[in-house]
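Visitor: What follows is each chain in one-letter form.
There are 2 protein chains.
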Amino acid sequence: MTAIAFAQPDAAILARRDAIVAGLAALVPSDVLITNPDECRAYETDAFTAYRRMPMAVLLPRSTQEVAAIMAFCQEQGVNVVARGAGTSLAGGAIPQEDAVVIGVSRLNRVLEFDRPNRTLKVEAGITNLAVSAAVAPDGFFYAPDPSSQLACTIAGNIAMNSGGAHCLKYGVTTNNVLGATVVLADGSIVELGGDAMDMPGLDLLGLIVGSEGQLGIVTEAILRVLPLAEGARPVLFGFDTSEDAGACVAAIIGAGIVPVAMEFMDKPAIEICEAFAKAGYPLDVGAMLIIEVEGSDDEIDFTLQKIVEIANGHGVKVIKQSRSATETAQIWKGRKSAFGATGRIADYLCMDGTIPTSQLPYVLKRMSEIVAGYGLRVANVFHAGDGNLHPLILFNANDPEELAKAEMAGADILTLCVEVGGCLTGEHGVGIEKRDLMPKQFTREELDQQMRVRAVFDPQWRLNPSKVFPLENRWMPQ
Amino acid sequence: MTAIAFAQPDAAILARRDAIVAGLAALVPSDVLITNPDECRAYETDAFTAYRRMPMAVLLPRSTQEVAAIMAFCQEQGVNVVARGAGTSLAGGAIPQEDAVVIGVSRLNRVLEFDRPNRTLKVEAGITNLAVSAAVAPDGFFYAPDPSSQLACTIAGNIAMNSGGAHCLKYGVTTNNVLGATVVLADGSIVELGGDAMDMPGLDLLGLIVGSEGQLGIVTEAILRVLPLAEGARPVLFGFDTSEDAGACVAAIIGAGIVPVAMEFMDKPAIEICEAFAKAGYPLDVGAMLIIEVEGSDDEIDFTLQKIVEIANGHGVKVIKQSRSATETAQIWKGRKSAFGATGRIADYLCMDGTIPTSQLPYVLKRMSEIVAGYGLRVANVFHAGDGNLHPLILFNANDPEELAKAEMAGADILTLCVEVGGCLTGEHGVGIEKRDLMPKQFTREELDQQMRVRAVFDPQWRLNPSKVFPLENRWMPQ
Chain A
1 MTAIAFAQPD AAILARRDAI VAGLAALVPS DVLITNPDEC RAYETDAFTA YRRMPMAVLL
61 PRSTQEVAAI MAFCQEQGVN VVARGAGTSL AGGAIPQEDA VVIGVSRLNR VLEFDRPNRT
121 LKVEAGITNL AVSAAVAPDG FFYAPDPSSQ LACTIAGNIA MNSGGAHCLK YGVTTNNVLG
181 ATVVLADGSI VELGGDAMDM PGLDLLGLIV GSEGQLGIVT EAILRVLPLA EGARPVLFGF
241 DTSEDAGACV AAIIGAGIVP VAMEFMDKPA IEICEAFAKA GYPLDVGAML IIEVEGSDDE
301 IDFTLQKIVE IANGHGVKVI KQSRSATETA QIWKGRKSAF GATGRIADYL CMDGTIPTSQ
361 LPYVLKRMSE IVAGYGLRVA NVFHAGDGNL HPLILFNAND PEELAKAEMA GADILTLCVE
421 VGGCLTGEHG VGIEKRDLMP KQFTREELDQ QMRVRAVFDP QWRLNPSKVF PLENRWMPQ
Chain B
1 MTAIAFAQPD AAILARRDAI VAGLAALVPS DVLITNPDEC RAYETDAFTA YRRMPMAVLL
61 PRSTQEVAAI MAFCQEQGVN VVARGAGTSL AGGAIPQEDA VVIGVSRLNR VLEFDRPNRT
121 LKVEAGITNL AVSAAVAPDG FFYAPDPSSQ LACTIAGNIA MNSGGAHCLK YGVTTNNVLG
181 ATVVLADGSI VELGGDAMDM PGLDLLGLIV GSEGQLGIVT EAILRVLPLA EGARPVLFGF
241 DTSEDAGACV AAIIGAGIVP VAMEFMDKPA IEICEAFAKA GYPLDVGAML IIEVEGSDDE
301 IDFTLQKIVE IANGHGVKVI KQSRSATETA QIWKGRKSAF GATGRIADYL CMDGTIPTSQ
361 LPYVLKRMSE IVAGYGLRVA NVFHAGDGNL HPLILFNAND PEELAKAEMA GADILTLCVE
421 VGGCLTGEHG VGIEKRDLMP KQFTREELDQ QMRVRAVFDP QWRLNPSKVF PLENRWMPQ
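Residue numbers (UniProt numbering), protein chains in the order written: chain A, 1 to 479; chain B, 1 to 479.
Rather than coming from a laboratory, the hints here were simulated on the basis of the structure. Keep in mind that a hint or two might mislead.
No copy labels: a pair is met if it fits in one copy or bridges any two.
Below, in silico cross-link-like pairs of lysine-lysine (DSS-like), each with a Cα-Cα straight-line distance of 25 Å or less [said to hold, decoys possible]:
(1) Lys-122 with Lys-441
(2) Lys-122 with Lys-170
(3) Lys-318 with Lys-307
(4) Lys-268 with Lys-366
(5) Lys-307 with Lys-170
(6) Lys-321 with Lys-307
(7) Lys-268 with Lys-334
(8) Lys-318 with Lys-366
Kindly produce the complete structure, drawing on both the sequences and the hints.
Guide: See below:
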């Protein structure tokens, strides 16, 4: 997309390209290094965008030691490095650069150790999110953060973006579920951060790594907290006449101190798109819908649902439809989780990812419609309402540069609105390139400077995922 | 205590003492600056130790702006700063230094805003922990982390040490319950970190501040997550013949995926000491005791307790005693929470604070007894068993330098044991001075260097609580 601004490629690096590739070839087994353009093409973009850029080379190491050797070499040669999980990023975080090598972690995908009594699972960080839950499911456990892309996305990517998901309302996002990490720093040194205890002495560098978008190092192993599966769980669909009614109902449920395991919002366009794709049994005669899932024993579920139904009745609910079987439950979630894919079938879209205090939901939903309509575009809303994590999908035609520009302006207006009502620019997709130039709306110069100084401790040459997160013009360079 | 090593006081600062004090006097209202030795004496130590040292001056500012002005002045003058909450620190974190000024936050104690729908409370950070829960109790909420010192300790101190408490097993420690903070940096600039949304873009500097022991800045305001009070709660006492039996029972309960709201361990010496003080109805004919608290509706409590009783029966439980009233519940907790005070009435003690994987509890309890007995001393154990957070109290006579040395050696051996079994040096008391020289047992040189480089970003002159956390001899100084 035209709106994506990279820093200018470093001509000095590009001029040494052949020597760099030869050096890498001498360093790793031949199947670890990919330079063939046909094969590199699989890495030239991410899930977010039509924008494409070929990296200098792609490396797919098989061990922490290989990652360390590559990182040490890149430090010595001054080569930029873009880390990549599965490339499902929605904000441009994994987009390569022509003067950078991409280090993909997809081959680091083994389960290392399940410590059942301590309820922790040690994995290589390139394992997919879903494979983690699958590894512990036979013992009755699961890993809580569940991005919609969980079939493909990696734990390394989840850590880089502090990923969430529909079920994070109750169990927290990635930072609440990662206990330790093995990280290869910019100079190739390997550090262990955190551990499987509840606290560690000294500074919480693990917390700093989570959400750092590949700019502080590459996570190669992780110790994850896994949780006992609930006895049962049941989603219920609630249909409302308007988005505002549904938003007010969410705010009232949260305000009443009820914490369902998930509380997902879909407006009319999103319902129609997902129902057409997934045949999930969504009500088509309503203006907005909530999927509220409650878990526990049957009695607990009944008890909590009764309280939720009372609140919903007070907010003009029109349709209430409970799942009656595991199949129906799977259908309901399939509809929700396929929202992005299903939308992509009917239009190009820009998916924003702001977060707001839940009490602001009714107001923000109304303002978002007005903003997008003001640009002559349509929006479909499908998001994690319980924790106020918005995902407006702004629909447009990517072949029309003017529509793209309008969509991006509408997106920026929406994120600015999120900040204005006391929320923030991101929920779980990260800043990447998409929100980079909006960061000054969230932070003062002093606050950004402080973040950049900390970043520079880990990457003094500013070589790790260099064009992302911090605005290009005022990024801080160490003396 | 003789074993506490400060860096040598900076003679250049001490020589300018009068000028520095005069400068501070010109900066703040007269009642904010304390230089009178009689008044300063209240600040010359902390809860941990008999060690005393008078600060150059004590400042008790009333606003973030006053803190900022003092910090800017200290930066300009190169003066060290030790931040202080209520001085309940158990690891020497708040011990003053003669070449430093102490900035106490006790007057920053107002509740600023209760956002009920979003379940957040904004406070000035010098407010006491208990006052936070008191502020939201009328609305049916509470603040989860509950250090035993909660009547006195401040939120600022809780943030500095990442404090826990008996009820953190279910609800997490401070870092899981703080959403935002206003921090005055070393140069006097004021930054807002985090916010009341679930995630923020950019680096997680808030997570870095939590547990940083006053070395990155001074927290003056905080946004706290408050939780709905449970419908009910009931503690039960379980008595066992041996500590190993009780430890194995804890590991089995956690291993079964049950998460009580609290699971406290006391061995025979601790039971006797606490019962004599609090008349809590503890069984005196057992070798070890667990206090397990379960919360929810009466039915839920009964259901979960039944599962716990089954597991306890499988581990040779001898006594099971349920609380039958709110008064009994209060007595049971009073006994546990007064453990440190009650122990202090009968002997001097050194309280260690290591954390281990719960599966290692039986082994570690046995080894701790052997270690302490090997030095000819006694130990009382009272700790948060559910999350493996040990608090062995090593009893000794402080007037006997040899006993003190033995107690300290036993303490160091115990913490080393914690690291060896996969745990760590701290649970919730911080590193301070006490564990500073043990840090190389937990971290490699590279890992410590990385922490110190990050610390230096916030405090390049190494002036904030300078003698704490990092070993004096190899602390990293920026060029």
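Visitor: Could you work out which of the previously given hints the structure breaks and list their numbers from low to high?
Guide: No hint contradicted; all consistent.
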